[in-house]
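Asks: What follows is the residue order along each chain.
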Amino acid sequence: MFSLEKLVSIIQAWLQSTLRDPWAYVVVCVMVGVAAIALFAILGLMLVYMERKVAAHMQIRLGPNRVGPMGLFQTTADTLKLVMKEGLTPDGADKFLFNLAPFMVMIAAMLILAPIAFAKNFQIWDISIGVLYVAAVSSVAVIGILMAGWSSNNKYSLLGAMRSAAQIVSYELSAGLSILAIVILSGSLKISDIINSQADGWWIIKGHIPVIIAFIVFIIAVTAETNRAPFDLAEAESELTAGFHTEYSGMKFALFFLAEYINIFIGCAIGATIFLGGWMPFHIGNWEAFNHVMDFIPSSLWFIGKTVFLIFLIMWFRWTFPRLRVDQLLNLEWKYLLPISMVNLLVVTLMAIMGWHL
Amino acid sequence: MNPSLPFFVLATLSVFSALMVVLSRKPVHSVLYLIFCFFTIGGHYLLLNAQFLFAVHIIVYAGAIMVLFLFTLMFINMNKELEPHKSNLLKGAATIAAGCLLLVLVAATKGAETLPAISKTSDIGTVSNLGKALYGQYLLPFELISILLLTAMVGAVMLGKKDVE
Numbered sequence: 001m002f003s004l005e006k007l008v009s010i011i012q013a014w015l016q017s018t019l020r021d022p023w024a025y026v027v028v029c030v031m032v033g034v035a036a037i038a039l040f041a042i043l044g045l046m047l048v049y050m051e052r053k054v055a056a057h058m059q060i061r062l063g064p065n066r067v068g069p070m071g072l073f074q075t076t077a078d079t080l081k082l083v084m085k086e087g088l089t090p091d092g093a094d095k096f097l098f099n100l101a102p103f104m105v106m107i108a109a110m111l112i113l114a115p116i117a118f119a120k121n122f123q124i125w126d127i128s129i130g131v132l133y134v135a136a137v138s139s140v141a142v143i144g145i146l147m148a149g150w151s152s153n154n155k156y157s158l159l160g161a162m163r164s165a166a167q168i169v170s171y172e173l174s175a176g177l178s179i180l181a182i183v184i185l186s187g188s189l190k191i192s193d194i195i196n197s198q199a200d201g202w203w204i205i206k207g208h209i210p211v212i213i214a215f216i217v218f219i220i221a222v223t224a225e226t227n228r229a230p231f232d233l234a235e236a237e238s239e240l241t242a243g244f245h246t247e248y249s250g251m252k253f254a255l256f257f258l259a260e261y262i263n264i265f266i267g268c269a270i271g272a273t274i275f276l277g278g279w280m281p282f283h284i285g286n287w288e289a290f291n292h293v294m295d296f297i298p299s300s301l302w303f304i305g306k307t308v309f310l311i312f313l314i315m316w317f318r319w320t321f322p323r324l325r326v327d328q329l330l331n332l333e334w335k336y337l338l339p340i341s342m343v344n345l346l347v348v349t350l351m352a353i354m355g356w357h358l
Numbered sequence: 359m360n361p362s363l364p365f366f367v368l369a370t371l372s373v374f375s376a377l378m379v380v381l382s383r384k385p386v387h388s389v390l391y392l393i394f395c396f397f398t399i400g401g402h403y404l405l406l407n408a409q410f411l412f413a414v415h416i417i418v419y420a421g422a423i424m425v426l427f428l429f430t431l432m433f434i435n436m437n438k439e440l441e442p443h444k445s446n447l448l449k450g451a452a453t454i455a456a457g458c459l460l461l462v463l464v465a466a467t468k469g470a471e472t473l474p475a476i477s478k479t480s481d482i483g484t485v486s487n488l489g490k491a492l493y494g495q496y497l498l499p500f501e502l503i504s505i506l507l508l509t510a511m512v513g514a515v516m517l518g519k520k521d522v523e
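If you read the protein sequences in the order shown, they are chains A and B. Going by our numbering, the letters in the first sequence line up with residues 1 to 358, in that order. Going by our numbering, the letters in the second sequence line up with residues 359 to 523, in that order.
Hints are computed from structural coordinates only; laboratory data are not their basis. A hint or two may mislead.
[Said to hold, decoys possible] Straight-line Cα separation of at most 30 Å, DSBU-like style, residue types lysine-lysine; simulated pairs:
hint, chain 1, residue 1, chain 2, residue 2
1, A, LYS6, A, LYS120
2, A, LYS81, A, LYS155
3, B, LYS449, B, LYS468
4, B, LYS490, A, LYS190
5, B, LYS444, B, LYS384
6, B, LYS384, A, LYS95
7, A, LYS206, A, LYS81
8, A, LYS53, A, LYS95
9, B, LYS519, A, LYS335
10, A, LYS335, B, LYS520
11, B, LYS384, B, LYS449
12, A, LYS95, A, LYS155
13, A, LYS95, A, LYS81
14, A, LYS6, A, LYS53
15, A, LYS95, A, LYS120
16, A, LYS190, A, LYS120
17, B, LYS384, A, LYS155
18, A, LYS155, B, LYS520
19, A, LYS206, B, LYS490
20, B, LYS519, A, LYS155
21, A, LYS190, A, LYS6
22, A, LYS120, A, LYS206
23, A, LYS95, A, LYS85
24, A, LYS155, A, LYS85
Kindly produce the complete structure, drawing on both the sequences and the hints.
Replies: Structure, rendered in structure tokens:
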């Protein structure tokens, strides 16, 4: 059976037998870096393709179908086009910050990759504060967005950045509170502990209604944090041309675009990890045969499958709900989601103390 | 490698960025340097193995408070012409006052006892230890601070309301 854990241990054993101590470590670091960048490139290409196909089928179209089989290479061609384009820096822009901003956003997205468990025992850094680390690093992306908006010296960019930042800062609260619900239930911030606590059932199943509420709040918050429809006010084309990245072109624009899709992936990966059990296979009570069949599916496939399902859900939202106004957006967060998730947190705490969960 | 090398690199960076907060001409640059300064201080927490404190520091300061600072600064858009000019008397008074504050702070820290460095392997900064200290030994101050914060929040909402008689 294919397993990423075995692959990693084979590579590590080979490196440690051939290279001396500090060098084996350095080579592992370089390999992790290259793998992360490769993952980013593949994710970017596949998610953009998926988005276009999903959108097309929802609107009874075919979507990209000319470049390569079923249009698979369409996004590669688009990326090539973006690479060839000139990266303009506007005259009145703050040159240093303007050029730094896309990298800030990208680096923030890359750093969150560290604690995500892609498969059984396949994780870059199992930090003891796991989900808090994710919350801390994801709040840094806001600074990159504000930098991009301000340094462009363009009022559309500034307004877009302001909307985007206000949205991210406020929705981060309810995302954090719904993650906390699971932290209380599993009793640990560490990602591996949270996954292991779901060995006898995913939290969404054994956590009853409060966890389902937390999950719904989390999905709404992730959609808003990634500035996607119906919360895409930050780049509402009809009002703000393109939001904070109006002035960006070529590869720098591509970095923002990529970071946006990576953030969707990361949000969904976190959601899949804490609510849907990460790489844990689906088990039903005492059905031994069924459980064995489920165990046979590699853990990496379980993780990717759950994540892609959540990404599909978020893409589905885009073609289902109309865009909100700014005041409706902020009302939804501060007057509905935040109080709901606070009360929900109390209910979950009571549940954890009384041991009502399965 | 010198084990205190990371500390000195971080300390140099934090002092440099703190100086740049004061010295840079554009207010937005100051705030960005301040954010950088907070990151280097977060790095110091990490060196002491206080990962929870690091995460909270980044979330609260870099992620929330500084973003609000950036918001306001970006919108008031300060220019050279609009900058209010202070008289030399005021400048001198401000320098003397700030110098006095520095003197007091240095004098206060001079008498302080030196604590032994916490070993890097200690788990004193982990979430569970911090939680036990906050809800056990320091329960009363902790709850008092929460009341203080609540009062400040209610006050801010009251001030922010437009139609208060």
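Asks: Enumerate the violated hints, using their earlier numbering and listing them in ascending order.
Replies: 7, 8, 14, 15
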